[in-house]
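Enquirer: So the protein sequences, as listed, match chains A and B. Here our numbering is used: the first residue of the first sequence is 34, the next is one more, and so on. Here our numbering is used: the first residue of the second sequence is 344, the next is one more, and so on.
The reader is advised that the hints may include incorrect statements.
Unchecked claim - Pair by pair, the computed Cβ-Cβ distance ranges are:
hint, chain 1, residue 1, chain 2, residue 2, range
1, A, Gly604, B, Asp485, 41 to 47 Å
2, B, Asp485, A, Ala192, 39 to 45 Å
3, A, His674, B, Glu642, 29 to 35 Å
FYI, nobody ran anything at the bench for these hints, they're computed from the structure. Small disclaimer: the values here were computed from a predicted structure and weren't measured. Note that beta-carbon positions come from the ideal geometry of N, C-alpha and C, so glycine has one too.
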Amino acid sequence: MTAELNQSRAATAFLLAGLTTAILPLLIQLPLLVGLFCAGLLLWRFLHDMGRVPLPRKPVLFGLLLLVMLGVFQHFHTIIGRHAGSALLICLLCLKLLELRTLRDVSMAVQLAFFSILAGFLFNQSIPAAVLMFAAVILLLGALLTFHHARAGYHSTAAVEKGHIAHAARMVLYAVPLMLILFVLFPRLNTTLWSLPEDASQGQTGLSGTMSPGLVSRLSNSPEVAFRAQFDTAPPDKLLRYWRGPVLWFFDGFTWSAPDSAPLLITTPVLEQKRNKISYHITLQPHQSTWLFALDMPGAVPDGALMNDALQLLSPQPVSKLLKYRVDSYLHYVLPRQSDRPNITFLAVPRHIGPQTRRLVQQLQRQHPAPEAFINAVLDHFRENDYYYSRTPPLLFDDPIDEFLFQSKRGYCEHYASTFTIMLRLAGIPARVVTGYQGGEMNPLSNYMIVRQSDAHAWSEVYLNDKGWVRVDPTAVIPVNRIENPADAVRLRPGLIDVSRYVDREWYKKTLKQFRFAVDVINNHWNQWVVGYNEKRQRSFFDIIGILEFGWYGIGYLLVAALSLVTLLIGFRILTLQRGKSDPVRRIYRRFLKKTARRKLYQAPTEGALSFAARVAERFPAQRTALLTIAETYNDLRYGHPDQDALAELRQAINNLRLTP
Amino acid sequence: MDMNRQQITRLHQVIEQAGQIILGKQTAIKLALTCLLARGHLIIEDLPGMGKTTLAHVIAQLLGLDFSRIQFTSDMLPADVLGVSIYEQTNHRFVFHPGPIFANVVLADEINRSTPKTQSALLEAMEERQITIEGETRSLPDPFFVIATQNPAEQIGTYALPESQLDRFLMSISLGYPDAESERKLLAATDRRDELLKLTPCISHGELTLLQQQVKQITATDDLFDYIQAILNYTRQSEQFVCGLSPRAGLALLNAARAWAMLDDRDHVIPEDIQVVLPHITGHRLQQVEFNAEQSVAEKLLAIPIP
Chain A
34 MTAELNQSRA
44 ATAFLLAGLT
54 TAILPLLIQL
64 PLLVGLFCAG
74 LLLWRFLHDM
84 GRVPLPRKPV
94 LFGLLLLVML
104 GVFQHFHTII
114 GRHAGSALLI
124 CLLCLKLLEL
134 RTLRDVSMAV
144 QLAFFSILAG
154 FLFNQSIPAA
164 VLMFAAVILL
174 LGALLTFHHA
184 RAGYHSTAAV
194 EKGHIAHAAR
204 MVLYAVPLML
214 ILFVLFPRLN
224 TTLWSLPEDA
234 SQGQTGLSGT
244 MSPGLVSRLS
254 NSPEVAFRAQ
264 FDTAPPDKLL
274 RYWRGPVLWF
284 FDGFTWSAPD
294 SAPLLITTPV
304 LEQKRNKISY
314 HITLQPHQST
324 WLFALDMPGA
334 VPDGALMNDA
344 LQLLSPQPVS
354 KLLKYRVDSY
364 LHYVLPRQSD
374 RPNITFLAVP
384 RHIGPQTRRL
394 VQQLQRQHPA
404 PEAFINAVLD
414 HFRENDYYYS
424 RTPPLLFDDP
434 IDEFLFQSKR
444 GYCEHYASTF
454 TIMLRLAGIP
464 ARVVTGYQGG
474 EMNPLSNYMI
484 VRQSDAHAWS
494 EVYLNDKGWV
504 RVDPTAVIPV
514 NRIENPADAV
524 RLRPGLIDVS
534 RYVDREWYKK
544 TLKQFRFAVD
554 VINNHWNQWV
564 VGYNEKRQRS
574 FFDIIGILEF
584 GWYGIGYLLV
594 AALSLVTLLI
604 GFRILTLQRG
614 KSDPVRRIYR
624 RFLKKTARRK
634 LYQAPTEGAL
644 SFAARVAERF
654 PAQRTALLTI
664 AETYNDLRYG
674 HPDQDALAEL
684 RQAINNLRLT
694 P
Chain B
344 MDMNRQQITR
354 LHQVIEQAGQ
364 IILGKQTAIK
374 LALTCLLARG
384 HLIIEDLPGM
394 GKTTLAHVIA
404 QLLGLDFSRI
414 QFTSDMLPAD
424 VLGVSIYEQT
434 NHRFVFHPGP
444 IFANVVLADE
454 INRSTPKTQS
464 ALLEAMEERQ
474 ITIEGETRSL
484 PDPFFVIATQ
494 NPAEQIGTYA
504 LPESQLDRFL
514 MSISLGYPDA
524 ESERKLLAAT
534 DRRDELLKLT
544 PCISHGELTL
554 LQQQVKQITA
564 TDDLFDYIQA
574 ILNYTRQSEQ
584 FVCGLSPRAG
594 LALLNAARAW
604 AMLDDRDHVI
614 PEDIQVVLPH
624 ITGHRLQQVE
634 FNAEQSVAEK
644 LLAIPIP
């Protein structure tokens, strides 16, 4: 007997569908070329199953293998790591499809597919990913069942094949309680189990730690959630929702950055004046960098976080998984004055930059020598001239400051922040750029605020001798009518414009918005309770249900006990289901078997009902007729012409049977 | 089915009367009739002198069928079986002289003594139920029932039938030695040949054909198919057999079981029917890998649980 693969069209269809579902979350994270390659291989296999094309020979497969290795290495410059490894995995998995010859190949492909589902969770742990996982597992199990079924030579119909999917779904359903127990009770580790080298080439959506023209506006259309904030106090006024992020002070003529990591503060700066305290939690989406966000200005450093002397909150490690922290901020504050005036770092301007701007600054400075007056003059310049706030500003090339200020006059927040900061520096006022988010939307269905990537913003911070560092947002002076995008207008001028003009009147848009909020509520809970279920949360959960005092050993025993109990329950359920599934004939007949079993007479698996009845009749000759009637009626019901009367007859005969010698 | 009760009762008479001549072989007689009802052919593997000819003759006699016997030898040609056209001087044309195969019940004695050529002439005729000679197709009589006998192959001068040919026989039985009581009766009895010739048919030609048609209408439910498939799959997957049972063997199993159920006066097949005919359907079809296996094929197959 060879293990030759018994071809079943449905079986390969299930396999292909399951595989596609399994690798989908990975494909969207990987270069398009990988997706096209895999789609090509899947199509090849599909056409083969339709009887159109042959499978490739060994040398072709080998060539494709080399191509994959080279391609992956060429693109990622490595073949290990999260992205390169996943790309390699799914390419090879799809290649495996072209040499499915035996059942063993199929099992292997399915196992690889399971592995790629796991790999998918390295990228995406959202609800859709989890749903896809279930779908993929069910399809793959269904495929396995169908292959084995065909291999065993059973007759297959469309109904039978559908039944396999249902069967697979049942198997997954039975596994769910075990999954939940393991998830809740299995000890969580404080760190991630594996640490994968991150590929340098992969950018994450979000702030990048540098700022150049076009970099923030790139985010303006991204509805991705940056973080969510849950307030213990009333949420801040819309105009004051400045979420402080990376602070940048080095300008090379085009890009702002913070090249030397600023020294960390040992003690938190004591705000000289503080009012309007806001207490809140932030649940930060992973962004692979170290910075944390807080409302301007945090009064203290959250547990486990750091702060540098640019007053930026930092995490000790890159935020690679969902991070939750608690902050208290003061909306109105005065920072302590520094003992020495900020040095040249905050005054440097590349020499070749902005000859025209320099002239403008000199002219304004002559008219307004005092720093505060100068700042207002610059802001007035933006306010009174035709400067527009635009998501699609013209590209700037050689001198972004001059080109923006005198030619294009259309810019996103980074243009304004950058130009404003440079102008102040040229006037001898220390200034720096702060990036972060501005705005945020309360979810009306639940009590938290969503801050999206599209809320990304940049503003300036200016050092005034008597006030310390002060926030100035040059974008804020652009009149509403010069804000090109209504969404930006609503965001930046919440109080100043008639919002109703921009509110969607169509019911479907309203519904859609409502629906989005609802989805976000669910996502938030998912993040808090599933993705964010870490060691700390596990401990507090154990505390709530009162098992924390058991200690880890006790919880270990509890885990084993719970798993055993659930397995037993499921086993029992499967057994009773199988009995229940059997038709009433078998159920009634089983009563007969119970009666004979009491007399130590058991029907052998190979014994027909009639032969068994005859055997029983030898022990109990008085009941011979009754026994034979039972067997004949049973046979008639199962192998002859079932009818209700016969069933009643069988029940009657079995109930009346008394096995007494 | 009720309308056939009469005919089935007559078949029971056939079995009973045959049993008086071939003593102690009720089951073998019943199996032979089963094979006939299922429109199959029978192969008897046994030593000479066990009553094979008598069995064939008795069945033919009791069913009112004509009977012929072909003794196969190594120098036999197909024409000796099928018939031959001979030129007749008087009317100047060839006239076909039908061979011994033109009979309802044909006993092909010691079929493995003849050459493969002659064997296949017979086997083809069995399968097609017609023969073609010199471009002319002639139907064989209906019912057409071949009982072939085969000596154990170890004897010298035999051409054993290959498995593919054996597959054309629906069932195989072997008569074996009679038990002591039957043997004594046999010794004490008068000449059986006279008794045999005195037998009168119990059933008419038409009734027999009707019964053969009715066999196909015996009910077999899905539950029964499960059992048959379990058996077929077992033979195909187990490493113990040289090759598994063919689909034709599966059909043979079902049809034989139907005929047996009919003889048992039942309108549906039950697993016991399968179990009775199973050894006779698979005996000549399945070959074990292991030469002197501990368990016979039948024992292995009967150990498959009924689903």
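Enquirer: Looking at the structure, which of the earlier hints fail to hold?
Expert: 1
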